[in-house]
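Protein chains: 2
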Amino acid sequence: MRVVDVGKTAGHHPVPQERINEILVEEASRGHAVVRLKGGDPYVLGRGGEEREACEAHGIPVEVVPGVTSAVAVPAAAGIPVTHRGVARGFTVVTGHDEIPQLPTGGDHTLVLLMGVAALGRTAAQLVAHGRDAACPVAVVERGFRPDQRTTVGTLSTIAARAAEVGVAAPAVIVVGDVVRLSPAWESAEPPVSRR
Amino acid sequence: MRVVDVGKTAGHHPVPQERINEILVEEASRGHAVVRLKGGDPYVLGRGGEEREACEAHGIPVEVVPGVTSAVAVPAAAGIPVTHRGVARGFTVVTGHDEIPQLPTGGDHTLVLLMGVAALGRTAAQLVAHGRDAACPVAVVERGFRPDQRTTVGTLSTIAARAAEVGVAAPAVIVVGDVVRLSPAWESAEPPVSRR
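First to last, the sequence lines map onto chains A and B.
Note that the UniProt record's numbering has the first sequence beginning at 1, numbered continuously upward.
Note that the UniProt record's numbering has the second sequence beginning at 1, numbered continuously upward.
The shape of chain A in the complex, shown without the other chains (with noise of 0.2 Å):
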């Protein structure tokens, strides 16, 4: 067996898209059984849609496994279940901002931003001009999972102040929705200034 790391993080790409493509490509072209194997699913913003066409295009058969998406699972590690009874009853999943002025503006529905940390004073004031509750709670989940993982919450009008000043880094999970509520990260915290 031989392993052909391209990891990614942040902002840190050292093979570009293409050429990972390329390398399932000829890896199958030689006949090797090749596992690409990525975090999360590759079809939440994984771009396995697009290695499968590579493939495919090529002639190379793939089967997809689903995995465990941290839109979903990072959120649960801080204690948010993305839906729940009589809180929320369907949730959304995107990372740009193109799609915030069509979104649900209810606490009921909750929305998970990923790779949304840099942008998300913006995120939050986009929201709320769109007509979200500037006191709807957000949490912002960083290392999921991890011995360090740490959650900041607040709401939409204080999330991006708060955020700035723990030092919330990349890469994150971002929750937006009463859901937050089921956190014991939001019973702990300290009211947010001038609210409750």
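To be clear, the hints were calculated from the coordinates, so they are not data collected in a lab.
Think of the CB as a built atom: it goes at the ideal place given N, C-alpha and C, for glycine as much as any other residue.
Cβ-Cβ distance ranges computed for the label pairs, FRET-style: (1) 27(B) - 60(A): 47 to 53 Å; (2) 37(A) - 187(B): 24 to 30 Å; (3) 95(B) - 105(A): 16 to 22 Å; (4) 60(A) - 105(B): 34 to 40 Å; (5) 30(A) - 60(B): 53 to 59 Å; (6) 27(B) - 130(A): 44 to 50 Å; (7) 125(B) - 129(A): 30 to 36 Å; (8) 18(A) - 18(B): 52 to 58 Å; (9) 101(A) - 184(B): 33 to 39 Å; (10) 126(B) - 2(A): 48 to 54 Å.
Cβ-to-Cβ under 8 Å is the rule here; a few derived chain A residues that face chain B: (11) 45; (12) 82; (13) 94; (14) 95; (15) 109.
Chain A is fixed; fit chain B onto it per the hints.
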């Protein structure tokens, strides 16, 4: 080890949720280590949060292990990535109808509907009434990853008739959005009558 079967199937819940919560508390209170084994992810419409709350209300510590949710895995089984570069950047998972008026309408935002087979025709009509293109692709995936898995495709305007035609039955996962075109089932399907 003792196994207490509380398994649910569509429309058949032999043990009510409240009783499940009680069993967890009773068994743990007797000093047993209790594993509550669930299909999918316990926090994606799995009532895991309620079970955790029931235990914690009795001082019983709980560890939640995330799982592979059918909301992502069953589309994947049909070759549908819920996100795909240039096709869809985000996705929403819902069950009920209440949220339909608020959902993003673009084909580039994937909708995953769980427990939605019985209401498929009504849901499709509502999505169109609230702004989604009647030509938006839809897939209904039954028995994902089982040997008898079946994918039925159509558009918001045709899917209800097609599903009825082939006798689609719960449980199934419904995917709405342009990503459906990436499924092999889409390519091999009969062109929808009077379209393309």
